[in-house]
Every structure is written in C-alpha cells, then in structure tokens.
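Residue numbers (the numbering used here), protein chains in the order written: chain A, 1 to 76; chain B, 77 to 295.
Keep in mind that a hint or two might mislead.
[Stated by the list, open to error] Only pairs whose alpha carbons sit at most 30 Å apart, straight line, appear in this in silico DSS-like list of lysine-lysine:
{"no.": "1", "chain 1": "A", "residue 1": "Lys-70", "chain 2": "B", "residue 2": "Lys-210"}
{"no.": "2", "chain 1": "A", "residue 1": "Lys-72", "chain 2": "A", "residue 2": "Lys-58"}
{"no.": "3", "chain 1": "B", "residue 1": "Lys-115", "chain 2": "B", "residue 2": "Lys-210"}
{"no.": "4", "chain 1": "B", "residue 1": "Lys-156", "chain 2": "B", "residue 2": "Lys-115"}
{"no.": "5", "chain 1": "B", "residue 1": "Lys-210", "chain 2": "B", "residue 2": "Lys-266"}
{"no.": "6", "chain 1": "B", "residue 1": "Lys-266", "chain 2": "A", "residue 2": "Lys-58"}
Because the hints were derived from the structure by calculation, they are not lab data.
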Amino acid sequence: MSSTTPSHAIDPDLLEMLRCPLTHSPLRAEGDFLIAEVGGLAYPVRDGIPVMLIEEAKLPAGVESLEALKEKLGGK
Amino acid sequence: MQESSTKKIYDVHSVFYDATFGRLVRRRIAQAISHMNIKPRDRVLDLGIGTGVSLNYYPQDRGHIVGVDLSAGMLREARKKIREQGRTNASVFQGDAMRLPFTRDTFDHVFISHVISVVSDPYRLVQEAQRVAKPGARIVIVNHFQSTNRFLALLEKWLCPLCTKLGWRSDLALQDLIRRTGVEVDYRFKLESIDLWETVVMTNTKSALNLGGMGMLAV
Chain A
1 MSSTTPSHAI DPDLLEMLRC PLTHSPLRAE GDFLIAEVGG LAYPVRDGIP
51 VMLIEEAKLP AGVESLEALK EKLGGK
Chain B
77 MQESSTKKIY DVHSVFYDAT FGRLVRRRIA QAISHMNIKP RDRVLDLGIG
127 TGVSLNYYPQ DRGHIVGVDL SAGMLREARK KIREQGRTNA SVFQGDAMRL
177 PFTRDTFDHV FISHVISVVS DPYRLVQEAQ RVAKPGARIV IVNHFQSTNR
227 FLALLEKWLC PLCTKLGWRS DLALQDLIRR TGVEVDYRFK LESIDLWETV
277 VMTNTKSALN LGGMGMLAV
C-alpha cells in the first residue's frame, strides 16, 4: 500500500498550527509535501498522513545532509 | 536509538495491539477522557494515539482531536477508525512526541496515555506538551509510575523484563516528573486500589519553561 495516492488538501486551520519540528517555522503545502519556510525541509504526506519527522523529510536542493542544514541554520 | 526500535515494535504489533494490550487500557482511557470536559471549539492533542483506542471515547460533536504517533502502522489503524466512525473532528500526524510539529499555545487539552515511559526522555515529552498546550490547558497523563509501595515496587521489578518488550519501563517516579517539569497536579486517581496505572490530571502552568529563550533550532 505504498503507492503514491494524492494527498488530500490539508485543512487550513491545521496547517496554521503545524510547524517544522526542526526550526518551528510555518509550513506551506506543495503537492505531496509540506515545506518549511525556514530551512526548507519538505515533509512528505503519505497516504494522506503528514510525516512530520525530521529524518524522513526531503532536504532542500543543494544541501547534502541534515547535519549540514543544521549547521547552516545554527550559524546564522 | 530507543525511538527507532520502539517504532519498529509498534509497527509490527499494530494489528494485534487492539486485541491484546489495547483491551486493558480501554477503561482507563474512557475514564480519563471523561475528565477532560471538551468544549465545542477545543483542540485536543492525543500524544501517542497509537491505533486510536481513544477515538472510541472522544465526543463526535465537539472539539477537534489531533492524534500524533511515531508509528505509521499504528496511525493507519487510527485513521481506519476515524473513517469507520465517520468522524470529521479528528486528524492524525506522524511525529515525534519529543519534537512536536505544532506551534506553541495551540491545544486546550493534551492527553498522554500509556506513552510517557516508552520514550527515551519523558521529561522532554512533558515539556513539549507544555509548550504546545495553552496556558491553563489541561494535561492528562495515564501511565504507570514507580510505586511508592515497597511490595508493588518489587512486583513491578519482577514484571519489568516482560514490559520492556513493549518498551515499557517502571523507573519513572511522578515526583521527579513534577519537580523537573514544574507541572501542577490537580488530582490523580486509580481505577482500583491496586492498579499499576494511574491517571494524573494537571494544569499547564508553563512555569518551568524557558520559552522566551527559544533559539532558531528546536534541538
């Protein structure tokens, strides 16, 4: 059952209270992902369930590891 | 890491869970939820919702239930229940209870049922619950806490190897939790006089939290 069924649009009220667990920044819905405003981690929505785990998130382009991302953010 | 092995165990057990361990916890969960007094526009966070046993006891017509669990397998069962019940007031998210994906001051109630001792840092879990709960929100914990009765403490020690199979440990004392997180206990009760589990009802005072000094990274 791991087929890529399209995610249901997430309720705006729920999206408003959701935050990136790494940066606590708000998220925006884009396709099957919820993307953090700060840091750009993309959290997948699998079978309609948002997966809000840092280790499962897709890294933004040009960042090779989670450690590198943390360093970049922490260094600001 | 403890969380990843816990996640694996629960993924495997999710199908059988309701028929075994789940049966034991139903009564406690029903009782605990009845102490929440959920109002129409309240938001309820169910931390470690698992297969959604608690969904059988939340009101259908008031409040919005937000369930979080580390295990995708458990959450699939929970979502199945939401659909079967025709519920429109519940949603689930996969997440780590120690790094909650919510903004502060969001929830009117936080329910932490049978989960506090399966995480590697129970204090951090409670601090996260305090962060996302509104000031004055109700935090209800159903858990086993180390017994102050010497006989029960011994019995627990004897049972412990079995319990650790389910990621359950009995070295957590409620007093330590109160001291380290600053939660304010309103009242606590057990279903029977000898019950290894206890329901603790607390008010979110946020007194021990240093929310002002939150850095860029929630690490």
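Outcome of the hint check:
no.: 1; hint: Lys-70/A - Lys-210/B; result: 29 Å, holds
no.: 2; hint: Lys-72/A - Lys-58/A; result: 16 Å, holds
no.: 3; hint: Lys-115/B - Lys-210/B; result: 15 Å, holds
no.: 4; hint: Lys-156/B - Lys-115/B; result: 25 Å, holds
no.: 5; hint: Lys-210/B - Lys-266/B; result: 26 Å, holds
no.: 6; hint: Lys-266/B - Lys-58/A; result: 44 Å, violated
In terms of the numbered hints stated before, the structure departs from hint 6 and from no other.
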